[in-house]
Amino acid sequence: MRFGVVQFPGTCDDRDALLACRQAGEAELLWHGDADLRGVDAVVIPGGFSYGDYLRVGAIARFSPVMEAVTAFARAGGPVLGICNGFQVLCEAGLLPGALLPNLERRFICRQLAIEVVDAGTPWTCALAEGQVLSIPAKHTTGRWYAPPELLGDVRVVFRYARDANPNGSTDAVAGVASAAGNVVGLMPHPEHAIDALRGSVDGLGVFASAAAVPAGA
Amino acid sequence: MLPGVQDAVALGLTEAEYALVAGKLGRPPNQVELAMFSLMWSEHCSYKHSRKLLRTLPTEGPRVVMGPGENAGAVSVGDGLVCVFKVESHNHPSAVEPFQGAATGVGGILRDIFALGARPIAVLDSLRFGEPDSERSRYLLDRAVAGIGHYGNSIGVPTVGGEVYFEDAYETNCLVNAMAVGLVREDAMIRSAASGPGNAVVLFGASTGRDGIGGASVLASAEFGADDAAKRPSVQVGDPFEEKKLLECSLELLERGLLVALQDLGAAGLTSSASEMASKGGVGIDLDVARVPLREADMEPFEIMVSESQERMLCVCAPERVDDVLAVCAKWEVHGTAIGSVTDTGRMRILRGGEVVGDLPVAGLVDDCPLYDLAPERPAPGLYPPPRAVLGQEATPRDALLALLASPNIASRLPLFEQYDWLVQSRTVRRPGEADAAVLQLPGGGGLAVSIDANGRRVAADPYTGTAAAALECASNLACAGAEPLGTTNNLNFGNPEKPHIAWQLTEAVRGLGDACRALGAPIVGGNVSLYNEGLEGPIYPTPVVGMVGELPDVARAGRLGFAAEGDAIALVGWRAAPSLAASELAKLRGEPLPDGLEEIDVAHVVGVQAAIREAVRAGALRSAHDVAEGGLLVAVAECCLAGGLGARLDLGAPAAPATPWERLFGEQAGGFVVSGPSAALTALGERIPAELIGTVGGDALEVRLGGERVHAGLAELRAAHAALAALFT
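Chains A and V, in that order, give the protein sequences.
Sequential numbering of the first sequence, starting at 1079, is according to the numbering used here.
Sequential numbering of the second sequence, starting at 11, is according to the numbering used here.
In case anyone wonders, no lab produced these hints; they're calculated from the structure.
Hints should not be assumed to be uniformly reliable.
Claimed, not checked - Covered stretches of chain A (chain V as the covering partner; in silico rule of three or more C-beta atoms under 8 angstroms from a C-beta of chain V):
(1) 1093–1106
(2) 1167–1178
(3) 1185–1191
(4) 1200–1209
Glycine included, C-beta positions come from ideal geometry on N, C-alpha and C.
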């Protein structure tokens, strides 16, 4: 299993995502300027502030050459995970439903949270159980997921903030969603920052283990 | 027309200094030269009022890799790795425009770290504001915290710790100090000394604008007056995205071995960066301002030379490497331009195209600023007005406990820390609020602990003892995490040193810092001085902010402050006598004036206590360790309860005369700790250092018996009081 971790100018959690992926398989960085995914089996778009979050979060990154390749890969059913800024980029790219708006309190929030697995049928959650609650940190200013009410019924919700932990005012406490086919998943909390008990939690490992458990090419 | 002596005075030089400049040049300086001299000879750049004092500080030790004088200090942390760290102030810009002032403070200190080739791995901050019932203080707090978060979060460096105090003395002149820590392989470090005549000088990063012109002289080297809004254009504007690219670009340039020297552009911009690189290397530099990429086309040469536009670096490379350097810049979408060359003339020559617009001796500019002796004089008591009383004489110990927990200097810092990313880079083993010091994982299983501290009120009461206490407090924080100090950085925030009483505060503080750091074996490897911190109502409390870095061999055993297990014994350790209420937090709440002097600290005894605590934590013998600081014993125990979510029952016996119950419960003194664990472990600790078993962990309340006194407060009540700062951010 080989993961590719995309690096834009302004990406901050790229090395953290590499560490997490390497708990489940091999991993390498993919440069934003190359439209070549180098044959990786799964793509992670990590957190940070791609292009300084200028214009609108994720709005510039989606036009980078690597995103053309990621979009083709996703349309062909390849597993793609967007974490935080990566989630924002995937929404901007039209690969995930909804949009991410400024937190209700309009502040950056960094907090260890409880999130519940709602859909274990995606390649990023298949090693987890529905109803399982994970302790994972979130850190963002623009994490309030929103979709218009008429579209909500069609959205595949993958993670919800549990135990009244919704930190940003997301619609229906949504913390993460998937594409209709399930292979593209985005979430605001950071599973790559929950992979070592010394640093607080190992509950994020299951996300990366899930992708590794899916047979390559499946 | 040439500028005259009155222009020099307007730029902050004295008439005698102007004459000295003209003497060094052999003619009156032109506009470019005068601008450069006025900045390089400003207090901010030359340390002309503090350098003689700073020479008395201990700077050497077996682990020191780089002492003061470079962009930051560095200590060895083993396995060929070096920890680079420094604290710096951005006080005056933050008082004028808090968001950008604080943001660029973080940006500036981060550049100092990666200018040495180190990847920044942590930021800590030290903040001082007026009391939060002042609207201006709430505004400064809110915007400064947002600015720190904006910069640190966006650039991907975790903010892992810090401190904040609120006192009337900082109402006009707030303090924003930021400390950064970096990590680098010792063989990959780079210095700032330019060398090799014929080598190219490349400027890379943001383009140069009119922002921050005269920041070092206008803002940093004079007192505040009534016309401060007009100084807003002197504040720089930060762009963390630009700096993130600059950081990655700089580290890649170094990794590829393309550079001879590297330096960041901070106060005094190109002037100080280029001339310091030349001075350290004993060479000259020619710079062509016509080649500097500008934001505004019509900038004058002197403006280009003194602009403090952020996110810029200067490097020296061999001429045949210039194309490679520019290619790396292009990869990271960073502007890179060769703007000059190294010469063997020992002079800074500023050119505009073919025309020489400035020609100055490097040594005169960098090293020959006259140094001044201070004229210290101990002030009469009453320099600072007493604090406003908020706790009446009728208050019970329970009232006092809840009032202290809710007081701005003690209440939980979580509402601030939640606005900072404390976990990016995957090293944070102890996050803010979990232990007295932040703990970061190192490759190989060890850890780095970092702490920053200063209690200005205690320094105002006694500059020598108060400053020694700040250094000891840092080391106590490290000890609770299981770490031993390796090195110290400091930022001396004081008033106008030309006033005898401020000179006395500064002199005494530096003496206290030096003595404590010598005793701790924690040499001072870098730092900064911020003088002229005075507002309309007088000087700030003298505030020598101390930052300390320590190491622990096994990060898995890093200490925690919260009680961890029902039934554990609790001990108060370290003190040989009851602590005092002088200059304490309780005295402040009662509105008591500052005492004239504090009780002397037995530094050697405190250092011994710290060693015993550190060894017990490292051995895994203790389940919690927390140093007793503001608010004394009872506040420390309450903090252990809240951090662990467990209550405690204390039986403190009867107060031993002459101590009163109030001193026993709320007195403050260096070197006291609250620890918990199996009673056998605490008894064993008591064989080395003073230790008194005072109670047991358990229940959902803090219950205290002291002679006839009873204090009972539920955890929920304690938590509600401790959450007082949250209201400032809604």
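Verification of the supplied hints:
1. Here's how the region 1093–1106 of chain A fares: 3 of its residues keep a CB closer than 8 angstroms to some CB of chain V, so the rule of at least three is met and the hint holds.
2. Only when three residues or more bring their CB closer than 8 angstroms to a CB of chain V does the claim for the region 1167–1178 of chain A stand; here the count is 0, and the claim is violated.
3. Look at the region 1185–1191 of chain A against chain V: 5 of its residues bring a Cβ nearer than 8 angstroms to a Cβ of that chain, three or more, so the hint holds.
4. As drawn, the region 1200–1209 of chain A meets chain V at 0 residues by the rule of a beta-carbon pair under 8 angstroms; below three, the given contact is violated.
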